[in-house]
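A.B. asks: For the record, the sequence lines run as chains G and R. Using numbering that gives the first Met the number 0, the first residue of the first sequence is number 0, and each one after it goes up by one. Using numbering that gives the first Met the number 0, the first residue of the second sequence is number 0, and each one after it goes up by one.
Don't take every hint at face value.
[Stated by the list, open to error] The calculated SDA-like cross-link candidates involving lysine to any residue, where the alpha carbons are at most 20 Å apart (straight line), are:
{"id": "1", "chain 1": "R", "residue 1": "K285", "chain 2": "G", "residue 2": "L108"}
{"id": "2", "chain 1": "G", "residue 1": "K101", "chain 2": "R", "residue 2": "M280"}
{"id": "3", "chain 1": "R", "residue 1": "K95", "chain 2": "G", "residue 2": "I19"}
{"id": "4", "chain 1": "R", "residue 1": "K95", "chain 2": "G", "residue 2": "T8"}
{"id": "5", "chain 1": "R", "residue 1": "K285", "chain 2": "G", "residue 2": "E163"}
{"id": "6", "chain 1": "G", "residue 1": "K101", "chain 2": "G", "residue 2": "L111"}
{"id": "7", "chain 1": "R", "residue 1": "K95", "chain 2": "R", "residue 2": "D181"}
{"id": "8", "chain 1": "R", "residue 1": "K285", "chain 2": "G", "residue 2": "L111"}
{"id": "9", "chain 1": "R", "residue 1": "K285", "chain 2": "G", "residue 2": "L200"}
{"id": "10", "chain 1": "G", "residue 1": "K262", "chain 2": "G", "residue 2": "L200"}
{"id": "11", "chain 1": "G", "residue 1": "K180", "chain 2": "R", "residue 2": "R6"}
{"id": "12", "chain 1": "G", "residue 1": "K114", "chain 2": "R", "residue 2": "L18"}
These aren't lab readings, by the way, just hints derived from the structure by calculation.
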Amino acid sequence: MARSVTLGTRLGWTALAWAIGLAIFFPILWTILTSFKTEAAAIGPPQLFAFEWTTENYTEVQSRSPYFLHFMNSVIIALGSTLIALAIAIPAAWAMAFSPTKRTRGLLLWMLSTKMLPPVGVLIPIYLLFRNTGLLDTRIGLVIVLTLVNLPIIVWMLFTYFREIPGEILEAARMDGANLKAEIIHVLTPMALPGIASTLLLNVILAWNEAFWTLNLTAAKAAPLTAFIASYSSPEGLFYAKLSAASTMAIAPVLILGWFSQKQLVRGLTFGAVK
Amino acid sequence: MATDHSRSTARLMVSPAVLLLLGWMIVPLVMTLYFSTLRYNLLSPGTESFVGFENYVYFLTDPAFFAAIANTLLLVGGVLFITVLGGILLALLLDKPIFGQGIVRILVIAPFFVMPTVSALVWKNMFMNPVNGLFAYAARAIGVQPFDFLAEAPLFSIIIIVAWQWLPFATLILLTAIQSLDGEQLEAAEMDGAPAFKRFWHIILPHLSRAITVVILIQTIFLLSIFAEILVTTNGGPGYASTNLTYLVYAQSLLQFDVGGGSAGGIVAVVLANIVAIFLMRLVGKNLDL
Numbered sequence: 000m001a002r003s004v005t006l007g008t009r010l011g012w013t014a015l016a017w018a019i020g021l022a023i024f025f026p027i028l029w030t031i032l033t034s035f036k037t038e039a040a041a042i043g044p045p046q047l048f049a050f051e052w053t054t055e056n057y058t059e060v061q062s063r064s065p066y067f068l069h070f071m072n073s074v075i076i077a078l079g080s081t082l083i084a085l086a087i088a089i090p091a092a093w094a095m096a097f098s099p100t101k102r103t104r105g106l107l108l109w110m111l112s113t114k115m116l117p118p119v120g121v122l123i124p125i126y127l128l129f130r131n132t133g134l135l136d137t138r139i140g141l142v143i144v145l146t147l148v149n150l151p152i153i154v155w156m157l158f159t160y161f162r163e164i165p166g167e168i169l170e171a172a173r174m175d176g177a178n179l180k181a182e183i184i185h186v187l188t189p190m191a192l193p194g195i196a197s198t199l200l201l202n203v204i205l206a207w208n209e210a211f212w213t214l215n216l217t218a219a220k221a222a223p224l225t226a227f228i229a230s231y232s233s234p235e236g237l238f239y240a241k242l243s244a245a246s247t248m249a250i251a252p253v254l255i256l257g258w259f260s261q262k263q264l265v266r267g268l269t270f271g272a273v274k
Numbered sequence: 000m001a002t003d004h005s006r007s008t009a010r011l012m013v014s015p016a017v018l019l020l021l022g023w024m025i026v027p028l029v030m031t032l033y034f035s036t037l038r039y040n041l042l043s044p045g046t047e048s049f050v051g052f053e054n055y056v057y058f059l060t061d062p063a064f065f066a067a068i069a070n071t072l073l074l075v076g077g078v079l080f081i082t083v084l085g086g087i088l089l090a091l092l093l094d095k096p097i098f099g100q101g102i103v104r105i106l107v108i109a110p111f112f113v114m115p116t117v118s119a120l121v122w123k124n125m126f127m128n129p130v131n132g133l134f135a136y137a138a139r140a141i142g143v144q145p146f147d148f149l150a151e152a153p154l155f156s157i158i159i160i161v162a163w164q165w166l167p168f169a170t171l172i173l174l175t176a177i178q179s180l181d182g183e184q185l186e187a188a189e190m191d192g193a194p195a196f197k198r199f200w201h202i203i204l205p206h207l208s209r210a211i212t213v214v215i216l217i218q219t220i221f222l223l224s225i226f227a228e229i230l231v232t233t234n235g236g237p238g239y240a241s242t243n244l245t246y247l248v249y250a251q252s253l254l255q256f257d258v259g260g261g262s263a264g265g266i267v268a269v270v271l272a273n274i275v276a277i278f279l280m281r282l283v284g285k286n287l288d289l
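With the hints as extra help, turn the sequences into a complete structure.
C.D. replies: Shown next as structure tokens:
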């Protein structure tokens, strides 16, 4: 805002905003702090910083359970499903953005509508299909499901990015005799890359945190971090410090990615309805 | 510029995505519909028989169903109330001239990136636990009896957890909308001596109405399917006190192995979600300039 405000007003708003911001962030901060406490200190009287710092929880979490396996499951499932969905969605979004037909609009809205299908509506058939084909508790099974779950959002995001590439550039390239392959490699890919990267980023985050299919279709072997952390809900798993260490490691990668994807978040999750 | 050749190429490029989504949507949905007309229990395979609408009658007359519907509506409504109201206030605040705006924004958005099982377990154990939780320590510090949140008020507690997760989403979208507001109009209103509340009511709120609608519709779609937060905190209990429709269908089919009854519940969930989806699609479709 261009209006000048007094320093006092500005300091007042600043204090209020920081207080509320810190309050909202506090559970995350508390989790990170608790991960550096001993188990006894973690359930003892609350201490913000004045406790004996230890990193034993981080090594314990790995030695008590195959934490690294679950971490890799998350990486493979999130990245794998996003990359496969991108490979399917890029041509589709491309065609719809650059050679739209009368049916394109209806097609896009229909794709979006599949995202609104509540997962419980198809849980039982998918579960039984997976059981009968041996896909239960496999990484490949989850990659397949999450590819399909996120495909509509990926097509939509790519479509809104591709629409912003000016069509004249395409026509100019065609005038110069570029064929489709040359068009894609030399003209459009450089212009489309930022949009594709943003789409990739947001969807890796969504897939990393997906907690309906991952909880229902995995057990021990293919469980990603969402499902592994859920095992701490049993009473015998009540180790606050270790829960905190496992949680901190599980959310850190996405928290960092998330800071880069604030803008894409609005675009990707509102389907272009808010810009 | 669209020749026959390029048109057929375009069709070829779109078809894999369309066919996959068609398969993903139609095949399982038809199977669910079919299962919902069967007496089908996973514990006694091979005894499936056609029963028509019996599963629907059973499901729709089960007291658990009404509890689940009420809980679903309370959960969605409660979270929407907190996140939309809180989101508007936070977005207005973050739009003010503040030092370190970027950092505050990051702090506010962070909960959205925490996976559901982590946020639910952190709240359940480290905050709401009646013995070792932070709230219990705070209560004892001021001489009040600690409150057992998840046992005494399970649904309310889950609403708080889910609202914490979704407040960033509402805030971010409403902030984006506020920042696209024409500053001159506001300045003019201020020059004319319109008080802050009037400026909000007559200029800012109408400008936000579209973004608010989008927030409500999109959150509703996701909130109807809340599952992980219930699974790791209360398992739907005590009794059915925190069972929503999604959790009820899961419990019916994968815990009690009643595929027929669970499928009928799944179809009910699809119908409910569709009612919301129709409104959202209209809004999105209007904005699609094709």
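A.B. asks: Each hint should be assessed against the structure and marked as holding or not.
C.D. replies: For each hint, the structure was consulted:
no.: 1; hint: R:K285 - G:L108; verdict: 11 Å, holds
no.: 2; hint: G:K101 - R:M280; verdict: 18 Å, holds
no.: 3; hint: R:K95 - G:I19; verdict: 14 Å, holds
no.: 4; hint: R:K95 - G:T8; verdict: 10 Å, holds
no.: 5; hint: R:K285 - G:E163; verdict: 18 Å, holds
no.: 6; hint: G:K101 - G:L111; verdict: 17 Å, holds
no.: 7; hint: R:K95 - R:D181; verdict: 15 Å, holds
no.: 8; hint: R:K285 - G:L111; verdict: 14 Å, holds
no.: 9; hint: R:K285 - G:L200; verdict: 27 Å, violated
no.: 10; hint: G:K262 - G:L200; verdict: 11 Å, holds
no.: 11; hint: G:K180 - R:R6; verdict: 16 Å, holds
no.: 12; hint: G:K114 - R:L18; verdict: 15 Å, holds
Hint compliance for this structure: hint 9 is the single one not met.
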